[in-house]
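**Student:** Guided by the hints, dock chains B and C onto chain A, whose structure is given.
Chains as they are written, first to last, in my numbering: chain A, 20 to 342; chain B, 1471 to 1781; chain C, 133 to 674.
In case anyone wonders, no lab produced these hints; they're calculated from the structure.
Be aware that one or more of the hints could be misleading.
[Stated by the list, open to error] Partner residues aside, some chain B positions facing chain A, computed with beta carbon under 10 Å:
hint, residue
1, L1528
2, S1629
3, S1633
4, P1636
5, G1732
6, A1740
[Stated by the list, open to error] Cβ-Cβ distance ranges computed for the label pairs, FRET-style:
hint, chain 1, residue 1, chain 2, residue 2, range
7, C, K508, B, I1607, 27 to 33 Å
8, A, A92, B, G1632, 44 to 50 Å
9, A, R75, B, P1636, 29 to 35 Å
10, B, L1588, A, R75, 53 to 59 Å
11, B, G1494, A, L192, 27 to 33 Å
12, B, L1588, C, G527, 33 to 39 Å
13, C, Q202, A, D203, 52 to 58 Å
[Unchecked claim] A few chain C positions that, by computed beta-carbon distances, are all more than 12 Å from chain B:
hint, residue
14, I265
15, S266
16, D274
17, V276
18, D489
19, Q495
20, W665
Idealized CB from N, CA, C, for every residue including glycine.
If you want the building blocks of each chain, they are given just below.
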Amino acid sequence: MHPVLYTVLQRLGLGLLTLFIVSIIIFSSIALLPGDFGQQVLGQAALPETVEAFRRELGLDKPAWLRYIDWIAAVLQGDLGTSFSGRASSGDDASRSVWELVAPRLSNTLFLAGFTALIAVPLSLFLGITAALKRNSIYDRSVNAVTLTTISFPEFFLAYLLIVVLAGIFPTLSNVTPDMSLGDRILKIALPSLTMTLVIVAHMMRMTRAALINLLASPYIEMAQLKGASRAKVIIKHALPNAWAPIATVIAFNLAYLVVGVVVVEVVFVYPGIGQLMVDSVSSRDIPVAQACALIFAATYILLNLIADVVGIVTNPRLLHPR
Amino acid sequence: MSEEPQTYSAAGEVGQVRLRRSYGQRVWIALKKAPISAWFGMIVIAFYAFVAIFGPFLAPYGEAEVFAKADEPWTVFGGDPAHFFGTDQIGRDVLTRLIYGARNTIGIALVTTLLSFLIGGTLGLVAAINRSWLDQILSRGVDVLMSIPSLIFALMLLSIFGSSIPSLVMIIAILDSTRVFRLTRSVAANVVVMDYVEAARLRGEGIGWVMRKEILPNIMPPLVAEFGLRFSFVFLTIASLSFLGLGIQPPTADWGSMVRDGSRFIQFVAYDWTLALPSLLPAGAVALLTVAVNFVVDWFLHKTSGLRDDH
Amino acid sequence: MTTDSGKRGEKGDILVEMKNVEIDGFSDERWHDIVKGVDLTLRRGEVMGLIGESGAGKSTLGKAAMGYAQPGCRIKSGSIIFDGIDLMALSETEKRKLWGSRIAYVAQSAAASFNPAHRLIDQTVEATVDHDISNDSDAKADAVDLYGALQLPDPENIGTRYPHQVSGGQLQRIMTAMAMSPRPDLIIFDEPTTALDVTTQVEVLVAMRDIVEKFNTAAIYITHDLAVVAQMADFIKVLRYGDEVEEAETRQMLSEPKEDYTKSLWSVRALQKEESPSDDIALSIKNVDAAYGNTVKVLHDVSIDIPRGRTVSVVGESGSGKSTTARVITGLLPPMSGSIEFNGEPLPAALKDRNKDQLRRIQMIYQMADTAMNPKQTVAEIIGRPLEFYHDLRGRQRDQKIAELLKMIELDDSFMDRLPGELSGGQKQRICIARALAADPEVIICDEVTSALDQIVQEGILKLLLRLQKELNITYLFITHDIAVVTAISDEIVVMFQGQVVEQGLKSKILAPPFPDYTQLLLSSVPEMDPDWLDKLVDERS
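If we strip away everything but chain A, and leave its shape as in the complex, we get (with noise of 0.2 Å):
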């Protein structure tokens, strides 16, 4: 076999090994729960009956391992089960699906993390790059304070910041409805947009320039300069093939950012995103919607980490062209 082929199948593998031993760890989290839980969702007027049968549906008299096959199933098939709120004591069920909670908050989150790294990839290589050419230069310099500065914030001191300056302008809350025109809803993310895509280049330009510094120290850099190459030539021609795993490893690492660092600005914007839903699922301790909603981040997580992997892989030349 290929070993670019073979690498990258160890690497998928790997991947799905990973994934599957997080599933488990989500998962057993349910087992890991005092008690007495039923109790609690229910409320304390439960009868023993009907906290019986919420044991009964969460599955908790059988052995775990047959609980485990049972859930991966339905989660493959897209049931991600239902959540605990919407139950009462007295037996009455109005609770909902998990997938229906989740379904639309996902497209929101989705939608703002898609726009955002639309504008924050593209800008953060340029003064990533830029600011590796012209290194130790005053620009460089300046946009090295400016961003450790700004990786030392916390999110939400730097969306309080941007709501003092920008307030008059765009929204201060981002309570999008499926039914807007897409110019008010790119309107109304405008602020929490901009405080990640703030986060994002600052981290992700840093890493590129870091990046870009250690590839141009090279010899073979040096040899190209010697052989009379011009700037442009020797970044297009010889760096730039030996680039894309460094480049594919930062823009993965941050769009993993962005998928975290949605959370906290989501709550500050009361953006109705699944970041949000996971801390409300969490404070009610609502847990099939928190686990739905850690599988969908970590799955997110590990796609992109494992993305970028194969990237480096198909790149490497050593690999293309075995001995």
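**Tutor:** Just chains B and C now, kept in the frame of chain A:
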């Protein structure tokens, strides 16, 4: 051409000429050469430490003392002199809460970071020395734990264990120790392969001696820098969790929940920007400390390694 | 350009003229002098050797001849005229027009200096095509000819490979082809064979010299090895600490150097130990097979006897298994089979099974003194630890003994509280010797202990080791690839090749014919201080 005497003497060979100085002198010289950002950082950290330690003597009122004049946010245009920064929605003095917040937020973050270093540092060192199945198990376990974003993992665990200070400290310490483990392991692994470690083993030294005398002194600088970075990360995580309402719970004062409390004015900021201050004040307190720590760490890393461009 | 690229000036015209060139380097947040006002004149068709030890500024000066200052350096003052063009006055873009067309560069590490993402032939012709000296297909056809002229195997196809697919010696030759492709007026060779084994070095040297002669190209050849440069250069310039020591024609410099410093460059070669045979075996390795991870076998049936109070040198190229042999003796790598006997008694194979006394009797000194000492411990702590550990010496007694040991290695007790970072390379290696002596050992294993040091320092260390052997009757196992060091220090020699002992015997026997094939190849490949050595060798081998 060269007029130096050509008689050779080993003692006369030029080493890197460096004057012998005491440890204190060297620290002082390093400090004098520190850039302004590092000085700024150190002064800010000292100020925070002072407030955190002497909080109860500095605060005008008790931590949870409630006054009749509730919900009067601070306005820059002259407020009540008795409550310089105003009161929060149930009538507690904001300045007092800020001072106690320093104590609580910083204290908890510090304990968490120490715990995380204790766990991650020890295991990392052991894994670096004993490159066998133990290293494999620990490293693969850490890989899996790190494949879930730590804030998400923390949220999920908090949903199970509930938000109390001990569970908060434990959860964050364990999740964060994965990063400490990785760093300690990789830094120590670089030292373990050094000839002087091999020389000590060939001499017949025990593993404890090798760890204490040969490895630890040589991995201290990066670990100290990492402590600063981890501390500000843990501090931010705790503040963020409190801001989300899942961290430190009332009536304990802390900056994250104060930001959350202030956020109820958010939709009015467009009309009166000072209404953002109840949130900005504690958020700024958090930001200032993390910036200060980062500045000091940045300088320290430049000082100790000389190379380093990021993180 | 005044002349067209087809044909340039006459042989003997001045090509490069550098006057009073000063170059600074930036480190530790300030500028340091690297080159302190050196003049250099090179004529067409001449090869100049630029020689000096580490820190002499030879490489920096060589690159400056192209008008190039590497990152972190700047050409502070002086003039650099290349074929009538003032390089100091040119912009970066104008200089790039000369680089890769009229001036070419051959770097030390070919493996790192080729871009891993492109085929070798594309990189070979890149500059030629970019500077419109030739079109792509003509340049490639020419490159194939050059590959052939440089004795590369399969010249038609080797260019279609990627850098990681060919060996280091081949890469270095391809890099020479790359430099030659635009038919430059000047080639700068920057330590091109330093990273190669001696047997490979010979092939590369021959190929480089022939092609430079064939096209009558002027060259600056930078190296630290006088014997190598003697084969390549018409005349030699010696640098030290950024200053010129002297310049002379190659033959004249070798026969009658003006400066003492120049002589010290081959001082090690002047050392010669009187061999003395002995049958009193201190340490003996019998039929050892060893492998890393039980899979890759690196030692095959190795047997070596080491007589007491004598020096046995183990020579071989990288991968010959000489360092592995040392690891087996120290117990770091227990052998798969075979045994080690010490004073006639079997020595436990694994480190952990040996007792303190057994450990004490065999000590080790490493190649890199830098990494062999804990940078956080003072000299007193480093030397004092074995005294405490093996001999239970404390306090005043310990300090006294440390002072004694320091004296023994020709240092004084003012060094006691220094850290390794505050010592020079030679001093560091002496401290390592003192640490080994502190154990009061019978056998010391020396693993390439001089190869990281400058010649004059090497000589000092070798003399010290000889004196200590005489005074203390210590047995040395000396691992090295440097034949000059071998003659300087050994009584007996072991030649290793691919994990096997080729032969063992007294120095006089091994270094005299008849030779087994490999010993012959190895010994004949070591450059000699004779400008005709390479020619004679080529004649003999053909």
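**Student:** Now tell me if each hint is right for this structure.
**Tutor:** Okay, the hints, checked on the actual structure:
no., hint, result
1, L1528, "violated (23 Å)"
2, S1629, "holds (4 Å)"
3, S1633, "holds (8 Å)"
4, P1636, "violated (15 Å)"
5, G1732, "holds (8 Å)"
6, A1740, "holds (4 Å)"
7, C/K508 - B/I1607: 27 to 33 Å, "holds (31 Å)"
8, A/A92 - B/G1632: 44 to 50 Å, "violated (30 Å)"
9, A/R75 - B/P1636: 29 to 35 Å, "holds (33 Å)"
10, B/L1588 - A/R75: 53 to 59 Å, "violated (43 Å)"
11, B/G1494 - A/L192: 27 to 33 Å, "violated (56 Å)"
12, B/L1588 - C/G527: 33 to 39 Å, "holds (35 Å)"
13, C/Q202 - A/D203: 52 to 58 Å, "holds (56 Å)"
14, I265, "holds (39 Å)"
15, S266, "holds (41 Å)"
16, D274, "holds (42 Å)"
17, V276, "holds (42 Å)"
18, D489, "violated (10 Å)"
19, Q495, "violated (8 Å)"
20, W665, "holds (28 Å)"
This entry does not satisfy hints 1, 4, 8, 10, 11, 18 and 19, going by the numbered hints stated previously.
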